[in-house]
Amino acid sequence: MFYGVELKTRLMLGTAQYPSPALLREAIAASGAEVITLSLRREGTGGAAFREIIKRSGCRILPNTAGCHTAREAVTTARMARELFGTDWIKLEVIGHADTLQPDPFALIEAARILCAEGFSVFPYTTENLIVGEKLIEAGCQVLMPWGAPIGSGQGLRNLEGLRAMRAHFPDVPLVIDAGIGAPSQATQAMELGFDAVLLNTAVAKATDPVGMARAFAQAVEAGRLARSSGLMPQRDMAQASTPIFGMAELA
Amino acid sequence: MISVLGAGVAGLCAATELAERGHKLEVILPKDAPEPASRFAGGMLAPFCEGEAAPEEVVIAGQASIGWWQRHASSFAQRGTLVLAAPRDRAELDRFARATRAHDWVDPVTLEPELTGRFARGLFYPGEAHMDPVQAMDELRTGLLERGVALHSGAPSGRIVDCRGLAARDRRPALRAVRGEMLEVLAPDIALSRPVRLLHPRFPCYIVPRADGRYMIGATMVESDRTGPVTVRAAMELLSAAWTLHPGFAEAQIVMTGAGLRPAYPDNLPTVALQDDRIHLNGLYRHGFLMAPVLAVQLAAQFERDPTHAH
Numbered sequence: 001m002f003y004g005v006e007l008k009t010r011l012m013l014g015t016a017q018y019p020s021p022a023l024l025r026e027a028i029a030a031s032g033a034e035v036i037t038l039s040l041r042r043e044g045t046g047g048a049a050f051r052e053i054i055k056r057s058g059c060r061i062l063p064n065t066a067g068c069h070t071a072r073e074a075v076t077t078a079r080m081a082r083e084l085f086g087t088d089w090i091k092l093e094v095i096g097h098a099d100t101l102q103p104d105p106f107a108l109i110e111a112a113r114i115l116c117a118e119g120f121s122v123f124p125y126t127t128e129n130l131i132v133g134e135k136l137i138e139a140g141c142q143v144l145m146p147w148g149a150p151i152g153s154g155q156g157l158r159n160l161e162g163l164r165a166m167r168a169h170f171p172d173v174p175l176v177i178d179a180g181i182g183a184p185s186q187a188t189q190a191m192e193l194g195f196d197a198v199l200l201n202t203a204v205a206k207a208t209d210p211v212g213m214a215r216a217f218a219q220a221v222e223a224g225r226l227a228r229s230s231g232l233m234p235q236r237d238m239a240q241a242s243t244p245i246f247g248m249a250e251l252a
Numbered sequence: 001m002i003s004v005l006g007a008g009v010a011g012l013c014a015a016t017e018l019a020e021r022g023h024k025l026e027v028i029l030p031k032d033a034p035e036p037a038s039r040f041a042g043g044m045l046a047p048f049c050e051g052e053a054a055p056e057e058v059v060i061a062g063q064a065s066i067g068w069w070q071r072h073a074s075s076f077a078q079r080g081t082l083v084l085a086a087p088r089d090r091a092e093l094d095r096f097a098r099a100t101r102a103h104d105w106v107d108p109v110t111l112e113p114e115l116t117g118r119f120a121r122g123l124f125y126p127g128e129a130h131m132d133p134v135q136a137m138d139e140l141r142t143g144l145l146e147r148g149v150a151l152h153s154g155a156p157s158g159r160i161v162d163c164r165g166l167a168a169r170d171r172r173p174a175l176r177a178v179r180g181e182m183l184e185v186l187a188p189d190i191a192l193s194r195p196v197r198l199l200h201p202r203f204p205c206y207i208v209p210r211a212d213g214r215y216m217i218g219a220t221m222v223e224s225d226r227t228g229p230v231t232v233r234a235a236m237e238l239l240s241a242a243w244t245l246h247p248g249f250a251e252a253q254i255v256m257t258g259a260g261l262r263p264a265y266p267d268n269l270p271t272v273a274l275q276d277d278r279i280h281l282n283g284l285y286r287h288g289f290l291m292a293p294v295l296a297v298q299l300a301a302q303f304e305r306d307p308t309h310a311h
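Note that the protein sequences, when read in sequence, are chains A and B.
Be aware that the first sequence starts at 1, since it is given in full-length UniProt numbering, and climbs by one per residue.
Be aware that the second sequence starts at 1, since it is given in full-length UniProt numbering, and climbs by one per residue.
Be a bit skeptical, because a hint or two may be false.
Output of the computed footprint for chain A on chain B, the stretches with three or more beta carbons under 8 Å from beta carbons of chain A [as the list claims (entries may be wrong)]:
# : stretch
1 : 75 to 89
2 : 214 to 227
3 : 266 to 277
Sample of chain B residues with no beta-carbon within 10 Å of chain A, all distances over it, derived [said to hold, decoys possible]:
# : residue
4 : 59
5 : 124
6 : 177
7 : 189
8 : 210
Read the hints as simulated data drawn from the structure, not as lab findings.
The beta-carbon is built from N, C-alpha and C at its ideal position, and this holds for glycine as well.
Please model the complete structure; the sequences and the hints are all you need to start from.
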């Protein structure tokens with residue numbers, strides 16, 4: 001449950017960098033995503049035409065504060081988003097470094113406190129740091145969005161053990177892998193590890209065929225989720241034949 | 001009589017093509033019309049590079065416009081396009097190569113000696129061309145006047161061809177604005193002879209050489225209809241990209257900045273469309289100079305198929 005909302009599909013899609021809004025709409029449909037995220041910082045109130053196209057997709061909108069570098073900027077952008085979209089959902093992103101786009105955990109927690117107190121449903125984009133996660137929960141967040149790798153890098157789950165530890169540490173908090181996913185196999189891996197959803201943008205938007213890639217990710221996320229719920233076999237150090245050899249004919 | 005509304009690149013190309021085919025026409029530009037977005041264009045004729053994000057029809061149609069501009073713009077030069085990426089963004093170059101065609105891998109220095117030691121490899125699109133868009137539009141306007149075409153701000157007296165760009169939103173509600181910002185710098189010490197594109201995952205940019213040591217640096221793409229001057233963010237992105245390409249740009253003088261609103265349909269493809277008794281030539285998005293001649297020829301062909309349209 002994401003702030004009381006049950007989602008059938010666990011792929012969330014970003015809406016930037018597509019060749020055209022028409023292709024974006026097709027990709028959203030092919031992905032089966034129920035939640036799409038949209039940035040506001042740069043476009044401002046002048047982006048009404050694009051927002052209308054996004055709204056007509058019928059998806060739940062998760063506005064984001066991409067491009068904000070301070071808590072104050074992020075809070076202002078979140079308030080504007082609430083007004084423009086009539087939703088309390090906000091993907092909170094406070095960038096600490098313009099080049100690597102690493103989240104600034106201190107400003108993130110500060111902004112999360114303010115927004116949660118104002119009744120926002122905050123989806124914080126964070127690292128896999130457990131203490132930051134705890135502070136965000138304490139601030140009122142009911143979902144955490146740890147990165148897989150830096151935004152747009154396509155490196156997948158760069159700190160696998162850290163993410164495993166995070167999953168174990170927050171067993172009851174919905175966790176969404178946000179950013180860094182480049183290939184469907186990486187999305188599958190995230191779901192197999194027990195994450196609740198995957199949010200991505202560039203891997204689909206910048207594919208040669210965004211619609212085909214959206215479909216691929218939809219299947220990958222579903223495969224990972226099904227694998228998780230079906231009980232993955234543990235890895236073994238040695239081979240173990242799946243067919244018993246006892247009783248077989250000795251032909252030599 | 002045909003009345004072409006708008007004197008941006010769409011209107012001027014349409015009027016020129018119609019005039020050359022012997023149609024009687026006028027070009028109408030209301031006194032309060034905003035400056036056409038095409039004045040801020042790069043003036044690149046790069047159908048293959050644009051194919052990175054644009055569909056195949058733009059790549060095919062765009063090639064046809066290269067010959068059209070060769071006949072109409074004195075600043076036309078066919079020296080190809082060079083595409084580069086900073087070493088850490090080299091994956092962008094591989095992606096760009098996969099997404100486009102009609103290119104060769106090159107050592108950039110063989111084409112632009114001033115880039116020595118800066119980029120290990122680049123993509124070269126020999127078939128592409130560029131020109132100075134403002135000069136080209138001035139020449140089209142002069143050509144029309146020489147043919148006796150009236151350019152005025154009065155009421156239209158003929159069959160309307162609407163080339164008003166974003167101003168046609170009143171009749172074409174699907175049009176939206178995609179804001180673009182550009183800079184022009186004076187850098188007489190730099191000698192680049194062809195458009196260079198610098199790929200970057202977030203701030204791709206291109207630099208187009210113009211006469212007298214000027215370079216156009218463009219262009220942002222923002223889903224917004226906000227008018228007004230270039231933002232600090234846009235200027236920083238564009239200038240730092242230029243500096244990455246050639247450190248000599250640090251000493252260049254910024255002689256002009258501009259921001260325009262590109263008219264675009266949801267599929268970012270331009271069309272010639274008949275609606276309510278007027279023909280709309282619109283939605284040129286970032287492909288104004290690349291697609292306007294193609295649409296103009298299409299428009300003229302429609303008039304010839306159905307001459308009653310022209311009266």
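For each hint, the structure was consulted:
Three residues within the 8 Å Cβ limit are the bar, and the stretch 75 to 89 of chain B against chain A gives 0, so the coverage statement is violated. As drawn, the stretch 214 to 227 of chain B meets chain A at 5 residues by the rule of a beta-carbon pair under 8 Å; at three or more, the given contact holds. Counting residues of the stretch 266 to 277 of chain B whose C-beta lies closer than 8 Å to any C-beta of chain A gives 4; at least three are required, and the coverage claim holds. A cut-off of 10 Å between C-beta atoms confirms that residue 59 (chain B) is not in contact with chain A; the least separation is 13 Å.
Distance check on residue 124 (chain B): its Cβ is at least 21 Å (rounded) from any Cβ of chain A, clearing the 10 Å threshold; non-interface status holds. A Cβ of chain A approaches the Cβ of residue 177 (chain B) within 10 Å, the least distance being about 7 Å, so the stated non-interface status is violated. Every Cβ of chain A is farther than 10 Å from the Cβ of residue 189 (chain B); the closest lies at roughly 29 Å, confirming the non-interface assignment. Chain A leaves residue 210 (chain B) outside its interface by the beta-carbon criterion, the shortest separation being 28 Å against a cut-off of 10 Å.
Consistency note: the structure conflicts with the earlier hints numbered 1, 6.
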